[in-house]
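Asker: Read top to bottom, the protein sequences are chains U and X. First residue of the first sequence: 0, per numbering that gives the first Met the number 0; consecutive thereafter. First residue of the second sequence: 0, per numbering that gives the first Met the number 0; consecutive thereafter.
Keep in mind that the hints were calculated from the coordinates and are not lab data. Beta carbons are placed, not taken as given, at the ideal position from N, Cα and C, and that holds for glycine. Be aware that a few hints might be false.
[Unchecked claim] Listed below are several chain X residues computed to face chain U (Cβ distance under 10 Å; list not exhaustive):
no., residue
1, K6
2, I23
3, D25
4, G26
5, F30
6, K31
7, Q37
8, K55
9, F58
[Stated by the list, open to error] List of simulated lysine to aspartate or glutamate pairs, EDC-like, C-alpha gap at most 20 Å:
no., chain 1, residue 1, chain 2, residue 2
10, U, K36, U, D63
11, X, K53, U, E69
12, X, K31, U, D6
13, X, K55, U, D63
14, X, K53, U, D81
15, X, K53, U, E75
16, U, K1, X, E33
17, X, K6, U, E69
18, U, K86, X, D44
19, U, K9, X, E5
20, U, K20, U, E32
21, X, K43, U, D83
22, X, K31, U, D63
23, X, K6, U, D6
24, U, K36, X, D25
25, X, K6, X, D25
26, X, K6, U, D63
27, X, K6, U, D64
28, X, K53, U, D63
29, U, K20, X, D25
30, X, K46, U, D90
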Amino acid sequence: MKISNADFLKLLSEEIGQNEKITGIHLLGLISEINQKVDDGEEYNIAGFGTFTKVKSLLAFTPDDGFAKEINYKYEGMPPIDVDAAKAVVDEETGKQGLKPAKTRKTDTIIVDEAVAGEPDENPTSKKLASEAVAKKDQKQIPMDTISKDSEKKETPSENVSKENQASDLKVDMDAVTGALEINSSKKDVNSDESTIIKPQKKDISDPFAEVIKSGSISILNNEDGIVEQSLSEAKRAREEKDKAEAARLAALAESLKKGTPPPPPPSPVKKVKVGAIKGKTQREFIEMVPPQPPAATEIEASSEVHPKAESKVSESSNYDFQPPQESIDDSASDLTTESVKERPLPGDRRKDKSSTGIMLAAVAVVLIAILTWWFITDRSGVEPTSGELPVAGISQSMIDEVPQMEESASGTGDEIVFEQDIAQEIEIDGASITVEEPTIEPVRSQPSTATSPSSNRFGLRGDTQPMDGRVFSIIVHSLPNRSEGNLQCNEIAALDLRCVVVEATANDQTTFRVGIGQFQTYAEAQRRVNDLPEPYRSRNFPARIN
Amino acid sequence: MNRVFEKAFTSVIRIQILHGHTVIVDGLGAFKMEHVKQQSSRVKDGKSVLNPPKDKVVFRNVETKK
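Using the sequences and the hints given, assemble the complete structure.
Answerer: Dropping the structure here:
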C-alpha cells in the first residue's frame with residue numbers, strides 16, 4: 000500500500016497536533032534543508048533515522064543501525080550458516096545409518112522462507128531446481144506401478160490350479176450312518192504327510208473355512224448338499240478296518256472252501272445315505288433308513304460296514320434310544336440334540352417351583368391370621384388386658400394393673416367398711432410420673448353387713464355396693480376434687496337404681512375422687528356393661544380398676 | 000529545523016514502513032521496506048555460507064510533482 004504525500008501530511012499533522020498547512024510548511028522547510036546540505040556535498044543526519052547523502056547526483060538514504068534492526072526485527076539475530084560444515088554433519092549421520100549421502104549440489108539446498116512463500120521467484124536457478132525435483136518424484140513412482148502389475152500377474156496361475164483341483168479331481172461318497180468317507184483324489188499338490196489337503200482359492204472370501212484349511216489339520220470338502228467336516232485320519236482308519244474285514248472274510252471263505260463248508264454270508268450291504276437326504280426327514284424315516292447303532296456311539300464310525308456284534312447288542316436291548324449321529328447331520332434347524340435337550344428344563348420343573356413358593360406363602364399367611372385371631376380373642380375376653388386407653392388422665396390399664404395387690408385390712412364397724420392400704424407406687428404415664436396411692440374406699444351407703452354377701456351379688460351394675468374384695472373394676476363417670484361433690488353425684492346415680500362407688504385417687508400430685516358405676520370382676524365385663532348405662536354416662540366414661 | 004518535527008517525521012515513516020507501506024514524500028523520495036531472501040555466498044576462506052533473509056529500508060529518489 001502506498002501512502003501519498005497528502006496522506007503523509009495528514010499523518011504528520013496528527014502526530015504533531017497542528018494543521019496540515021503548518022505541517023506542510025514545516026515539511027517543505029525540512030526537505031529544502033536536506034537538499035541544500037546534500038547539494039553542498041554534506042550529509043544530513045537525522046538521529047535515530049538515517050543519513051541523507053548524494054550519490055551520483057541522486058539523493059541517497061542510509062538508515063541507522065537501530066532503525067535497520069527495528070525494521071529487520073523478524074530476522075535479527077539469525078547468523079549465517081556454514082554450508083560445508085552442515086553438509087559434513089549430514090554426511091556423518093547418513094554414514095552412521097548406513098545410507099549413502101545424497102548427491103546434491105550446493106545450490107540444491109533451499110530453505111523455504113514462509114514470508115516469501117507465494118511471492119514471485121526472482122531467482123532463475125530455483126525454478127530449475129523445482130522442476131528437477133518434480134521430475135525425480137515422477138521417476139520414483141514409475142517402478143512402483145510396474146511392480147504392482149507384475150505381482151498381480153503372478154497370482155493368477157495359482158488360482159487357476161486351485162480351481163481345477165477343487166472341481167474335477169475329487170469324488171466324494173459319504174455314508175451318513177456309519178460315517179464312512181471315501182475320497183478319491185487325484186491331486187497333485189499333496190503337502191502334508193498324513194492327509195491330502197486341497198488348498199482352496201486364496202481370494203475366495205465366501206469360503207469360511209479357508210483359514211482352517213491353511214492349518215492343515217482338517218480338510219473341508221464341498222458337497223452339493225452341504226459342507227461336512229471329517230477328519231481324514233478317521234477315514235484312513237475306516238479304510239484300514241474295511242481292508243481288514245475284507246481280508247478276514249476272504250480268509251474265512253478260503254477256509255470254508257478247503258473244508259467244504261458253505262461260505263459265510265456276506266455282510267449286509269451298506270446303505271449309503273447322502274447328507275442331503277437326511278435333511279427334512281423325521282426320526283422314524285431315519286430309523287428305517289439307518290440300521291440301529293449302539294447307544295454309546297456318539298461320533299461317526301469310520302467303518303463302512305455295520306459291525307454285526309454291535310447290531311446284536313442293540314437288538315437285544317429293550318429300550319433303544321435313537322441317537323442320530325450328531326456330526327454327520329449338518330442341519331442348522333435341528334437343534335434338538337441330546338445335550339441341548341438335557342440342558343433345557345422341563346416345563347413341569349418350572350411350574351413346581353412356582354407352586355412350592357405359593358404354598359409357602361399361603362402357609363405363612365394362614366399362620367399370621369391364626370395368631371391375629373387368637374390375640375384378638377384373648378384381648379376381647381379380658382383375661383389379662385395388657386393395654387387400654389383411658390380417656391381421662393391418659394393412664395393405661397396395664398399401669399394400673401401393675402400395682403400389686405394391696406394388703407387389705409378390713410375393719411368393719413357395723414355400717415362402714417373402711418379399707419386401709421398403704422402402698423405407693425410411681426407409674427410413668429407418657430413421661431410424667433404419677434404416684435398412685437392406694438385408694439381409700441368409703442361406701443356411700445352404709446348397710447349392715449351381717450353376713451358376707453353371696454359371690455353373685457358382689458359384682459354387677461345394680462344393687463347395693465359390696466365390699467372390695469380382691470380385684471374390682473368399675474365404670475368411672477366422674478372425677479371430682481372433693482368427696483362431697485362425689486357423694487352428690489353418687490346419690491344421683493343411685494336414684495337411677497345403679498350401683499355407685501366413690502373412690503379416692505391421686506394423679507400428678509393431686510387427689511381426686513372418682514365416681515364409678517357398678518362393680519365388676521374383669522375389665523372386659525365392665526366395658527361390656529357400658530352399653531347398659533343411661534346417657535350421659537354411656538358416652539362419657541372409662542372402665543378402671545378401683546381395687 | 001526543530002527536533003520535534005524531525006522526531007514526528009521519522010516516527011511516521013517508521014510506523015508506516017513497519018506496516019509494510021510505501022511512504023512517498025514529495026521533494027525527497029519514497030521510503031519502503033524490501034525483503035531480501037537468503038543467499039549463499041563465499042567467504043574469503045573459500046567456505047560457502049548461507050546468509051539468512053532480512054528486511055531492509057530502501058529509499059528511492061522520486062522527482063517532485065509539480
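Asker: For each hint, tell me whether it holds in the structure or not.
Answerer: Structure-based check of all given hints:
1. For K6(X), the shortest C-beta to C-beta distance to chain U is roughly 8 Å, which falls under 10 Å, so the interface hint holds.
2. The criterion of a C-beta within 10 Å of any C-beta in chain U is met by I23(X), whose closest approach is roughly 6 Å, and the hint holds.
3. The beta carbon of D25(X) comes within 4 Å of a beta carbon in chain U, closer than 10 Å, and the hint placing it at the interface holds.
4. With a cut of 10 Å, the hint placing G26(X) at the interface with chain U holds, because the nearest CB-to-CB distance is about 4 Å.
5. At a threshold of 10 Å, the smallest CB-CB gap from F30(X) to chain U is about 7 Å, leaving the interface hint in force.
6. The interface hint given for K31(X) is met, as the beta carbon of that residue sits about 8 Å from the closest beta carbon of chain U, less than 10 Å.
7. Because the beta carbon of Q37(X) sits about 6 Å from the nearest beta carbon in chain U, less than 10 Å, this interface hint is met.
8. Evaluation of the K55(X) hint against chain U yields a held restraint, the C-beta minimum of about 6 Å falling below 10 Å.
9. Evaluation of the F58(X) hint against chain U yields a held restraint, the C-beta minimum of about 3 Å falling below 10 Å.
10. Between the alpha carbons of K36(U) and D63(U) the distance comes to roughly 19 Å, so the proposed pair stays at or under 20 Å and holds.
11. Between K53(X) and E69(U), the direct Cα distance comes to roughly 11 Å. Compliance with the 20 Å bound is thereby established for this hinted pair.
12. Note on K31(X) and D6(U): the hinted pairing holds, with a Cα-Cα distance of about 15 Å set against a maximum of 20 Å.
13. With a C-alpha separation of about 11 Å, the suggested pair K55(X) and D63(U) falls inside the 20 Å cut-off, and the hint holds.
14. With a C-alpha separation of about 17 Å, the suggested pairing of K53(X) with D81(U) holds against the 20 Å cut-off.
15. Simply put, K53(X) and E75(U) have alpha-carbon atoms about 8 Å apart, close enough for the 20 Å limit, and the pair holds.
16. Taking the CA atoms of K1(U) and E33(X), the gap is near 14 Å; set against the 20 Å cutoff, the hint holds.
17. Between K6(X) and E69(U) the alpha-carbon distance is near 16 Å, which keeps this suggested pair within the 20 Å criterion.
18. A threshold of 20 Å between alpha carbons decides the hint, and for K86(U) with D44(X) the separation of about 17 Å falls inside it, so the pair holds.
19. Taken as a hint, the K9(U) and E5(X) pair is honoured in the structure, with Cα atoms around 15 Å apart against an allowance of 20 Å.
20. Under the criterion of a C-alpha separation no larger than 20 Å, the hint pairing K20(U) with E32(U) is consistent with the structure, at around 18 Å.
21. Using a Cα cut-off of 20 Å, the hinted pair K43(X) and D83(U) holds, with the two alpha carbons roughly 14 Å apart.
22. Pair hint K31(X) plus D63(U) holds up; C-alpha atoms about 15 Å apart against a cutoff of 20 Å.
23. Straight-line distance between C-alpha atoms of K6(X) and D6(U) comes to about 18 Å, which keeps the hinted pair within the 20 Å bound.
24. Of the pairs offered as hints, the one joining K36(U) and D25(X) holds, with about 17 Å between alpha carbons and a cut-off of 20 Å not exceeded.
25. A distance of roughly 18 Å separates the Cα atoms of K6(X) and D25(X); the hinted pair therefore holds under the 20 Å criterion.
26. Proximity of K6(X) to D63(U) is assessed by CA-CA distance (about 14 Å); at most 20 Å being required, the pair is judged to hold.
27. Of the supplied pair hints, the one linking K6(X) and D64(U) holds, its CA atoms being roughly 17 Å apart against a limit of 20 Å.
28. Only pairs whose Cα atoms come within 20 Å are accepted, and K53(X) paired with D63(U) is accepted, the gap being roughly 15 Å.
29. Proximity of K20(U) to D25(X) is assessed by CA-CA distance (about 15 Å); at most 20 Å being required, the pair is judged to hold.
30. A distance of roughly 17 Å separates the Cα atoms of K46(X) and D90(U); the hinted pair therefore holds under the 20 Å criterion.
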